[in-house]
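Trainee: One letter stands for each residue in the lines below.
2 protein chains.
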Amino acid sequence: MSAETSAWRGAAASQLVRADELKDAWAVLSVEERLEGLRLLTWSEAEELIRGLSAREQTEILLAASPQEARAWLRLLPPDDVADVVQAAELEERGRLLQLLDDTARHEVVALLAYAEDDAGGLMNPRYARLRPEMSVDEATSYLRRQAREHAGTLHYVYVLDAEQKLLGVITFRDLLMATTDKTVRDIMHTDVVTAAEEMDQEALSQLFAEHDYIAIPVVDRRGVMKGVVTVDDIVDVVQEEATEDIQKIGGTEALDAPYLQVGLAEIVRKRAVWLTVLFLGQLLTATAMSYYEHEIARAVVLALFIPLIISSGGNAGSQASTLVIRAMAVGEVRLRDWWRVMRREIAAGLLLGLLLGAIGLLRVLLWPTREEDYGEHYVLIAWTVSFSVVGVVLWGALAGSMLPFVLRKLGFDPASASAPFVATLVDVTGLVIYFSFATLLLSGTLL
Amino acid sequence: MSAETSAWRGAAASQLVRADELKDAWAVLSVEERLEGLRLLTWSEAEELIRGLSAREQTEILLAASPQEARAWLRLLPPDDVADVVQAAELEERGRLLQLLDDTARHEVVALLAYAEDDAGGLMNPRYARLRPEMSVDEATSYLRRQAREHAGTLHYVYVLDAEQKLLGVITFRDLLMATTDKTVRDIMHTDVVTAAEEMDQEALSQLFAEHDYIAIPVVDRRGVMKGVVTVDDIVDVVQEEATEDIQKIGGTEALDAPYLQVGLAEIVRKRAVWLTVLFLGQLLTATAMSYYEHEIARAVVLALFIPLIISSGGNAGSQASTLVIRAMAVGEVRLRDWWRVMRREIAAGLLLGLLLGAIGLLRVLLWPTREEDYGEHYVLIAWTVSFSVVGVVLWGALAGSMLPFVLRKLGFDPASASAPFVATLVDVTGLVIYFSFATLLLSGTLL
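Chain order of the listed sequences is A and B. Taking the numbering used here, the leading residue of the first sequence gets 1, the next gets one more, and so forth. Taking the numbering used here, the leading residue of the second sequence gets 1001, the next gets one more, and so forth.
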């Protein structure tokens, strides 16, 4: 354990622990130590710290706490966060957590659990302030005073619903405060409301928030009946999570779904082993491909020297292209139907980049001081072989790397699975074929 | 031009354009076509569309529009967004944009331009609602009614300042609406306000928003004087941008700073060429390294067959480790002082993954049907050489990939520069040395 942890332990012992110190040491503490730390804080400090934790951490704490503590802490959270906490628990412990809730809250949470975790329905809070259109501003104000006492948490907008719970409009508390008392709710409400469908996935939802600068977006079903509210603070977490997943996939790992240092060694090895094994099996094809050229290598060992250079250049160009396209797809800048525009652009970019690297490769061989000793009398031909191969491989890398995310999406897979290592492996095998084809073409009759 | 574009053009011609259609075609339209489209919309449709654009796109539109139009559209934006628009323009055009503002707004925008674009100061809106603590609830309400008429945009919180503009507390419009009239502002204000320092960078700021579920966070200077407000909707954009930059760097490209399809070909080639050239020069070392082993390859050509397999395994393991660590650092899960915990974990993970792949490699050679024809009589020794090398290279890849982001951060560089291709290149050269060292050790006296 680090010096920091023991410093925190010393402070805890002398009852002088501060919320900040606990937070700093948090990552390296066990659940029991965290619980012990929380008990030393004031109620409002503990409340703030608990609210700021991830659902997974909240679940661990609540399951380790006494039923009285767990009940009190669980009440701090809005129903959508409670649903996340329940979802983060093992199946057999979910019942225990639900038993800690009062009847109303349990009912709400169970309803939320029916939605997929990453749909609008799974992110929404089913509690929100509502008004009828025919209410006067005064009636609305005193009605909201009563409603507000029942609801914890901040309310940002008030929704105007008809008798069938269909959404008619929205007003802010500020509108209400600013309105003259002779107006009705209908007079002051905004009717051009941006809404989200229940089954909208969180990526689309985060794009909706990015387009419009709203703090909260109401969720409605197909008939326009209001179901709940998604707030932008949940979306910040969603955007972070989605980016993390994409980055991990691009790096060639399954999404970890938890902080790196908190995932157990067995879990992290398993999540990496799957892709690494698939890629290794793919790489075994390079050994097979190479064995077809064993004869050429035996006659001209000098060809072997440039194998890593050539296949890696293709891999690098490919991983650039695939990450650019994956990200552009994730943020909605590139759609499936844009494939042709992307392809034209990558052909042009790949060719230019290939020519640049090909020229460097050409000069490297032609101008190398010990070129005749290292590469033999035919070093000029070797130089051209390397140079042409680099152009071909870089072009192919850019093309394969940029098109693979489209193919994956078209087939219904996540484009982010076109990871840098995946593209590199794909390009390695074909890169060898390109290289030895140019070699056969240019060196037949001399070296080969 | 696509079918979609011409469909839009047809619609525009017949004056039937709808905001949604324009939005769908947006990416493929020229600035002039966009402007033409905007002029066909109603004022509120145009307003919504313009507000949803990136600063870069807003700037293009405003510079192409007539001064009257530009002036009207610029008034739609809060000062922090105007500052972004001005910053997105070329230096020589900034004056022209600033001239379109009225004196107060220009003064505010010029003050904001003094901050770095990605500091809290550069993201904040200098307009916010303020109150004095000694005001009664009634006074506060009527004062806010007057203030609200002057301020466009949504106000989320009201800030309580003393005579020196120091921040004392915060109240919501809801608090004010719910309060009985015998209270003063001081009675109902919340004093435990989370604030951000002016120079806090946007990554730290987004972590602050992720920890606390606030809609807006006030920015204060060193003396506690209130400077403005950062709202969470700006943070969603920040989080997206930061993730995009990291993903692009991980893929081995410089950050594009604009949507993929909108960056010119020359620009995109330039941004990729820099890293690709650096990596290519690095890869040239593999040719040099290989030439040291030319003698061994000439004696045992079979060794060449496994070169791509071995170096790529190391590259893949390295890019997994580096992306996991880079992302964990970006979201604050891993800090510099955690390097030793990460290193221990990557040694363990690298060893386990290496043993797994090494075992597959061993079996692949030992059980290959044509093993004696392809690999010769000493195929068992070849199998062990490949297997040991894979273990060594994967372990080394995981170690180098995970430690490189720490080294870069320690030296003051962006850890995301430890891109997958960079790590792969680094590991390639050392991978060759590892492979040929094992080969010399195991095959001396037989094949070598």
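Be a bit skeptical, because a hint or two may be false.
To be verified - Derived DSBU-like pairs (lysine-lysine); straight-line CA-CA distance at most 35 Å: (1) 271(A) x 1183(B); (2) 1410(B) x 183(A); (3) 1271(B) x 1166(B); (4) 23(A) x 1166(B); (5) 23(A) x 1271(B); (6) 1166(B) x 410(A).
To be verified - Cβ-to-Cβ under 10 Å is the rule here; a few derived chain B residues that face chain A: (7) 1141; (8) 1181; (9) 1182; (10) 1183; (11) 1187; (12) 1242; (13) 1256; (14) 1298; (15) 1319; (16) 1336; (17) 1348; (18) 1377; (19) 1379; (20) 1446.
Unchecked claim - Restraint-style ranges between C-beta atoms, simulated for each label pair: (21) 1264(B) x 264(A): 30 to 36 Å; (22) 1412(B) x 203(A): 47 to 53 Å; (23) 1264(B) x 47(A): 37 to 43 Å.
For the record, the hints were derived by calculation from the structure and aren't laboratory data. For each residue, glycine too, the CB sits at the ideal point set by N, CA and C.
Trainee: Decide, hint by hint, whether the structure agrees.
Mentor: Structure-based check of all given hints:
1. 271(A) x 1183(B): The given pair, whose Cα atoms are some 58 Å apart, is violated under the 35 Å limit.
2. 1410(B) x 183(A): Violated: residue 1410(B) and residue 183(A) sit about 62 Å apart, past 35 Å.
3. 1271(B) x 1166(B): 45 Å, violated
4. 23(A) x 1166(B): Holds: residue 23(A) and residue 1166(B) sit about 28 Å apart, inside 35 Å.
5. 23(A) x 1271(B): Violated, because 40 Å separates the two Cα atoms, which is more than 35 Å.
6. 1166(B) x 410(A): Distance of about 56 Å is beyond 35 Å: violated.
7. 1141: 6 Å, holds
8. 1181: Interface hint status for residue 1181(B): violated (12 Å vs cutoff 10 Å).
9. 1182: 15 Å, violated
10. 1183: Since chain A brings no Cβ nearer than about 14 Å to residue 1183(B), farther than 10 Å, the hint is violated.
11. 1187: 17 Å, violated
12. 1242: Holds - the Cβ of residue 1242(B) comes within 10 Å of chain A, reaching about 8 Å at its closest.
13. 1256: Residue 1256(B) check passes; min Cβ-Cβ to chain A is 7 Å, inside 10 Å.
14. 1298: 5 Å, holds
15. 1319: 5 Å, holds
16. 1336: Violated, because the Cβ-Cβ distance from residue 1336(B) to chain A comes to roughly 12 Å (cut-off 10 Å).
17. 1348: 6 Å, holds
18. 1377: 16 Å, violated
19. 1379: 12 Å, violated
20. 1446: 18 Å, violated
21. 1264(B) x 264(A): 30 to 36 Å: With a Cβ separation near 47 Å, residue 1264(B) and residue 264(A) fall outside 30 to 36 Å, so the hint is violated.
22. 1412(B) x 203(A): 47 to 53 Å: 34 Å, violated
23. 1264(B) x 47(A): 37 to 43 Å: At roughly 52 Å between Cβ atoms, residue 47(A) and residue 1264(B) fall outside 37 to 43 Å, so the hint is violated.
Hint compliance for this structure: hints 1, 2, 3, 5, 6, 8, 9, 10, 11, 16, 18, 19, 20, 21, 22, 23 are not met, and every other hint is.
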